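Engineer: Read off the chains here:
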Amino acid sequence: MKYVDEYRNRNLVLALIKKLHARTTMPVSIMEVCGTHTMSIFRHGIRNMLPGQIQLISGPGCPVCVTPSSVIDAFVELAGRSDVIITTFGDMIRVPGSNGSLADARAEGADVRIVYSPMDALTIAAKEPEQMVVFLSVGFETTTPTIGATILAAEQQGRDNFFIFPANKVMPPPLDTLMQDPRLKVDGLLCPGHVSIIAGADSFRFLVDRYRLACAVAGFDPVDILLAILALVGQVQAGKPRVENCYGRAVTRQGNTRAQSLVNRIFTPVDSEWRGLGTIPASGLALRPEYSAFDITKKLDIRAAPSSEPRGCRCGEVLKGICMPKQCPLFGSRCTPANPVGPCMVSSEGTCAAWHHYGGLEKKQIEGGKNEERQK
Amino acid sequence: MSSYITLDHGSGGLTGQILIQELFFRYLPDPVLHQLEDAAVLPEPCGRIAFSTDSYVVDPIFFPGGNIGELAVNGTINDLAMQGARPLALSLGLILEEGLRLDDLENIIESIGAACEYAGVPVVTGDTKVVPRGKGDKIFINTSGIGVVGKDIEITTGRVREGDILLLSGTLADHGVTILTSRAGLEVAGNLQSDTRPLHFLVEKVLEQEGGAVHTMRDPTRGGLGTTLAEIARATNLCMEIEEEDIPMHGEVRAACELMGLDPLYLANEGKCIVVAAPARAEKILRIMRSVPEGAESRIIGRVSKKYPGRVVLTTVAGGARLVEPLSGEPLPRIC
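Read top to bottom, the protein sequences are chains L and F.
Position 17 (the first sequence) corresponds to 17 in the numbering used here; numbering is contiguous.
Numbers in the numbering used here are just positions in the second sequence, counted from 1, shifted up by 1000.
Bear in mind the hints are in silico, worked out from the structure with no lab data behind them.
The model shown is predicted, which means the values in this text are computed figures rather than measured ones.
One should not assume that every hint holds.
Stated by the list, open to error - Under 8 angstroms between C-beta atoms, here's a sample of chain L residues computed to sit facing chain F: (1) 13; (2) 49; (3) 206; (4) 337.
Claimed, not checked - Cβ-to-Cβ under 10 angstroms is the rule here; a few derived chain L residues that face chain F: (5) 1; (6) 14; (7) 20; (8) 44.
Yeah, the Cβ is synthetic: ideal placement off N, Cα and C, and Gly gets one too.
Start from the sequences and build out the full structure, keeping to the hints where you can.
Structural biologist: Below is the structure:
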């Protein structure tokens, strides 16, 4: 497969690993922001090939995981209405809220459908004009433009039974919040490639300026990830942090300006609650007033109740990188992918799911613990 | 006849009789079936009897490379074959939803007839019920099958030993990817097709020549190769070591998995088997498997060791290693 096989080439990977072992002379802790990075690192078995001094910490880059339980509860409640068809990406369906998940609601008769694109939801709305078709609009910079484009298409078609439940988020504000947490010690950031395609590599500059954090934008295959880790180790050891674009075949400094202006035209920043991180100013996206007719929360006056975390669940701390999944008392016992308590165990990009699926061969199982201890 | 299934077709009355005589018998010619007795009486078997049942509810009912009908025939034949049994006869139970198009039903029964003829295994008894619209989903099929197991054949996980070789009879994940992409309405370039096919010819040929060296066999259907190997690992308390690089896959299947964020190790196969064999005979078995069309792309994909007892370990294309856990929950496509 072109553009994939080259970046998984065993000889290249082994050469990069060798280089990393030769070059790493001090402890370097790196946060991989994006859940797709976390999964790829596990799936390709990269973690246990790295030098012991390199510590990888998973960050808050799983859109399903950071959606607070109050919003999940609102989704489930909305699904219970007989005049509503819920459309959603698959990952969201099994996330438990305080009164069950969307999958539970579906089993009890709710009309909940998995779609692969918000455009599919619009197609359903055209086919079923009697029902209100609601797309659960969850996702980061990568996902938002297609949702914006769907709103425009709905407007053009004059569709009055298509809505979104706006719960989109943007990446820079939570990273800002995270880096101010004294419990987290991070030297470098493996910046998300997909987000950067839209937002541009420059969107991470403030982390260099404010926190002297080494940054490398990375693709998702082993060679991409190792090149970026190598770049980060170089920056940290030289004490010269900057934003390095290691995903040049897809990412530019400015990003996709057309997609950005589409998003700006339809959405406006609002304060938004993140699981584990609390409410962060300007970290979410709401529809602009001229598009608010597509906002189901306005139409039905839905207000999210205060969030409550499942008892004992440490997803919030896992998302902040200060707790490793195996340090959570529920991990693998009460909380498993088949019977999840927290969202990090559900999503295909969740840190706990990654550790549960692939984590058994890890030698360095309590990296987060070390990190906590280092602070004491 | 009307062009849709109605509740009358399942009432046991004349309409149902017409359906059986004019549609089912046209494609299912076995004389025992045509006797329309309450049970099929078959000749005395020579050997131990294998007996298996499976229900088919696949959505969509027609998919590239096949339909629910031939899937129901091949699936039960394969379950028998995995125990080393030679399949003798099948039952066919149909649950039809009111409003199913008759020409869809005819297409399905026709392909059941064709699959039975190809496999040499007849439908000898059957039943049809109709449920009101909304109480089913077009058509559900149950098939049961009986077969006989040869005298010296002993296919069981209990015989798996350290050092055994793992063979796979062809490319991975074709069926699972085909179903998921057709359900998603995704158009993937190339030629995605279900791999539904019977495996008893391949099994018969292997067992004829190397029966003693075959320790166990499994067909990695639901849950895929990953889950099936994890079950063998758990049952034997041995480690299944596999090489990602050696697992054959079609290019378009890999591409579709990348696109949808699916792990091919957990996707269903409907015409593939894993053979666990004694190391000294593995190469010979591989040659036999490759000599039949359904095994032409067979590969040795790994071996049995004591490295991580009860676990499956995959050496990745990139050269790393990771565990392969059994599937839990449905494979979900990714969000971004």
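Engineer: Check the structure against each numbered hint from earlier and tell me which ones fail, lowest number first.
Structural biologist: 3, 7
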